[in-house]
Amino acid sequence: MSTTAIELRSVHKNFGATEIIRGVDLAIEQAKIHAIIGPNGAGKSTLFNLMTGLHPLTAGSIHLKGREISSQAPYDIARAGLARSFQVTNIFANMSVFENIRCGMMWDRGYKYSFWRFAGRQRDLTENCEAILQQTGLTSRRNVPAGLLSYSDQRALEIAITLASGADVILLDEPTAGMSRSETTQAVDLIRAVSDNKTLVIVEHDMGVVFDLADTISVLVYGEIIASGAPEEIRGDPKVREAYLGAEVD
Amino acid sequence: MEVFLFSMFNGVLYGMLLFMLASGLTLIFSLMGVLNFAHASFFMLGAYFAYQISKYVGFWPALVFAPLLVGVVGAAVERYGLRPVHRFGHVAELLFTFGLAFVMEEVIQMIWGKVPVPYDVPAALNFAAFTWRGLDYSAYRLFMLVVSVGIFVALFLFIAKTRVGLMIQAALSHPQMVQSLGHDVPTIFMWTFGFGCALAGIAGVIGGNVLGTEPAMAITLGPIVFVVIVIGGLGSLWGALIAALFIGIMDNMAISYDIALFPIFAMFGVEREAEGIMRDLVDLTTGGIAPVLPYLLLVLMLIFRPRGLFGTRDV
Amino acid sequence: MAGILQRWGVWIAAAAVILVMPVFVTSGFYITMLNQMGVLIIFALAYNMLLGQGGMLSFGHAVYFGLAGYTVAHYLNGIGEETLPYLPVSLIPIMGGAVGLFFGVLIGFVSTRRAGTTFAMISLGFAEMVTALTLVVVTFFNGEEGIQTDRWVGPEPLGITFGSDVQVYYLIGAWCLIATAAMYALTRTPFGRMCNAVRDNPERVQFIGYSTHRIRWLAFSLSSFFAGLAGALHAVNVEHVGFETVGLAQSGLVLFMVWIGGAGIFMGPILGAILITLLNSNLSDFTDAWYLYLGLLFMTVVMFARNGLAGLIVMHEPIWKIKIGLFQKMIVPYALGIGSTLLAVAGAIGIIELAYFMSTRTTAETITHLYWVEIDAAGPVPWIASAAALAAGFAACTRTYPIMAASYNGAIAEVKALVAS
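Residue numbers (the numbering used here), protein chains in the order written: chain A, 1 to 250; chain B, 1001 to 1315; chain C, 2001 to 2421.
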């Protein structure tokens, strides 16, 4: 059995005449936390969108646990066991926190499009939702409409919905974006707590968070991976320092 | 041959009228994201205003003032009706214009009654411009063609040569850019809406006396204008022109030639002596299905090519 | 026992009301009206599965209502002529539902790939196409005359012939209750929850494993089933199906009902169907301007009350649930607001009625009645009085509405404080 969770093979993406991703090869190991960093406009979010099927590839291929998922529909990729969170909070604002999480869970638990049984009567759903509420610290906000949550709670819910799907490969797009110092610490604890036996891919701007969490770091500059390795290696890599880190990590 | 030429001529004429409505509608849609359900109601308003004005001062002043008045009404509707609804999203805006179309029809009935008003072709143009192989061709129809082609040329020059036109052009191809143009966006919206309505108003002034000025004229024409902009491709003026001409010509040809469709159905095994529902198929002619054709085209287009003929983006 | 009542209380009450209604309402006019109301409640709820639950604005849902009506009318005629097998009339609505479902599945597949404006335009296209077809496919639609039918066909189990309107009333009542319960239940299923999710955030739905197209398609199909069921009951009720049942006017009417009642709330469409049918039956003989009033009411709701009349009621729910006494302080501000609204509305109605009278009168007579007062519509007095009422009412509204809003906000703040402590 391969220990690679996601593999990208010479992935290219053009928008019109503009090349955004210019041949990315990347292997992400199972049960590890892998961070992707890079300056603004390097194509980090685009890479996520390609992996989750929001945009089709121009060339190359993407494999999830050995199975090709290139250019499949987002829902097919999600069903195959890859979940993602969004940089801009993307929740169901009119539903309660509990309902948000339950929606995230239904497909995986086999409820699919069923219209002949009540969602509320399914004990397995309810119990699992409570567990995720607990895990993400949202239990006290269970019945609050998601749109009324504070920003950091919405970010936590964003992660909770992603977790609910039961996927073992999870992509987090800037999970601490816009958070204060103390909120960031909480978020990092949360991510660490949920990372057991799961593969996490994180795009993040906060270098503290990245070097704190990641097992492996890849640096994306202008649509190309210029370096990949353990945090210490990346910290010492002259190419990275030149292209991106500058004085920040000294 | 003469049937072909005359139905071609009438088809082009009808197509140009459709284009005058469709161009305004597609401008409004591209710029504001609002599908103006009441667009044909402004066309109707143009015809009624022209009737009322020409009753007192004649057709020529009406040709100028009726569209202006319609434009002002349109701008006022945008300012005091549509703008407050904007924050509720596009569905609410669409609902607002749907309600508006309904209310405008009722108000027109209230003011001018339920029966058609006698809005006639001006006497100065009410003669046969030429007679060819025994068929008369009215001067007013020629005049309509001249006016509509004139409007069309003016519109293209306006968009290609003026500053505002270039801005509109940018907005047509990149609607999300409108917000970043740095201009007073609400005011631009208001005048765009008014301008689109005024275009529909002109079509009403010159078309009302031929098509008949009555309260149902908006609801008969409105859906066909939607068909035109979808088939042409939203945001594309060229597309709107081609689609309008195509539908205008198709409609006229289907009716004047009135070809029996039986041979087509026969290929699928329908027999001439068929009974029941098949009986209808035996007697079908192109004239009979002419009212269905535009919608059939619309549905096929949306299934196979949602961006329309010349559209750059999906509907 | 208390648990059962709490869970089923509303349904038991609704059943009881339906059951005893004919005891109190005996006039034929009102029974006819109630029958129509029942049909339209089902249709409005079906429509709201699209608009309110699924976020799809349709201008052509009457297509499924009407096509089911036509089919059922033909079938009843077939039973009467003994060319088609017998089916109890009480089960005919299921057949209508099946017809609706069939066309819903077919047309839904191509129209539900997108929501929003695209969906609205496709629905209009199909509506116009079917309307145009009524004049082409004459055997089925019979042009402008439509199809006449007779519900009194076949055997008469237990003496039920549906000959009388009261028997039809119970038929519609029973189906109305069943359909309402079924549609309510649907909102509580995984499918129902995902429907709301697609309405609120279609993008995210794809990333939790669901195809938005599939959900919309399913919603469209089920909604068409119930629209077909309502259409069949309509055919049984009035024993005639005309081309207007598939047309834009019918689709527009159900849209008005749903939006005025409140699309975001399950009870909204029911409220809307009841209100509009009541007004339609009672006002359309009374004033020519009924449709104008309906349109203006609709536009007002679109502009100012997003969740319709039901939304205005539900807004106050926390107050009566937590501390009903708070309403005491709200009586005066609300009376002021409603009073000034009524004054403005009265003025507007005066102007509209006068204008209608002047434009539709067939004789030179200018004396008419406005608000039970004899007036001369040609003179300036009634016009000035109406305009003054409108202007004064409008001016008063601009002053009283903030007071009304403040009293509401105050009460809600107090409720919040009570809940927090």
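In short, the hints are calculated from the structure, not lab data.
No experiment lies behind these values; they were computed from the predicted model shown.
Each hint should be verified, as a subset may be incorrect.
As the list claims (entries may be wrong) - EDC-like mimics (lysine to aspartate or glutamate), calculated; alpha carbons at most 20 angstroms apart, straight line:
| no. | chain 1 | residue 1 | chain 2 | residue 2 |
| --- | --- | --- | --- | --- |
| 1 | A | K198 | A | E19 |
| 2 | A | K65 | A | E7 |
| 3 | A | K32 | A | D153 |
| 4 | A | K198 | A | D237 |
| 5 | A | K65 | A | D212 |
| 6 | A | K239 | A | E7 |
| 7 | A | K198 | A | D215 |
| 8 | B | K1114 | C | E2244 |
| 9 | A | K198 | A | D212 |
| 10 | A | K65 | A | E29 |
| 11 | A | K112 | C | D2200 |
| 12 | C | K2321 | C | E2414 |
| 13 | B | K1114 | C | D2200 |
| 14 | A | K112 | C | D2285 |
| 15 | B | K1114 | C | D2285 |
Now the hints, each set against the structure:
For the hint pairing K198/A with E19/A, the CA-to-CA distance comes to about 32 angstroms; that exceeds 20 angstroms, so the pair is violated. Our distance criterion of 20 angstroms between C-alpha atoms is met by K65/A and E7/A, whose separation comes to about 8 angstroms. Restraint check for K32/A and D153/A: not satisfied, since their Cα atoms lie roughly 25 angstroms apart, outside the 20 angstroms limit. Straight-line distance between C-alpha atoms of K198/A and D237/A comes to about 28 angstroms, which puts the hinted pair past the 20 angstroms bound.
With a C-alpha separation of about 26 angstroms, the suggested pair K65/A and D212/A falls outside the 20 angstroms cut-off, and the hint is violated. Our distance criterion of 20 angstroms between C-alpha atoms is broken by K239/A and E7/A, whose separation comes to about 24 angstroms. Only pairs whose Cα atoms come within 20 angstroms are accepted, and K198/A paired with D215/A is accepted, the gap being roughly 13 angstroms. The hinted pair formed by K1114/B and E2244/C meets the criterion: a straight-line CA distance of about 19 angstroms does not exceed 20 angstroms.
A threshold of 20 angstroms between alpha carbons decides the hint, and for K198/A with D212/A the separation of about 17 angstroms falls inside it, so the pair holds. A threshold of 20 angstroms between alpha carbons decides the hint, and for K65/A with E29/A the separation of about 10 angstroms falls inside it, so the pair holds. Only pairs whose Cα atoms come within 20 angstroms are accepted, and K112/A paired with D2200/C is accepted, the gap being roughly 18 angstroms. Between K2321/C and E2414/C the CA atoms are separated by roughly 13 angstroms; this keeps the pair inside 20 angstroms, and the hint holds.
The hinted pair formed by K1114/B and D2200/C fails the criterion: a straight-line CA distance of about 43 angstroms is larger than 20 angstroms. With a CA separation close to 51 angstroms, the supplied pair K112/A and D2285/C exceeds the 20 angstroms bound. The suggested pairing of K1114/B with D2285/C holds, with an alpha-carbon distance near 17 angstroms, which does not exceed 20 angstroms.
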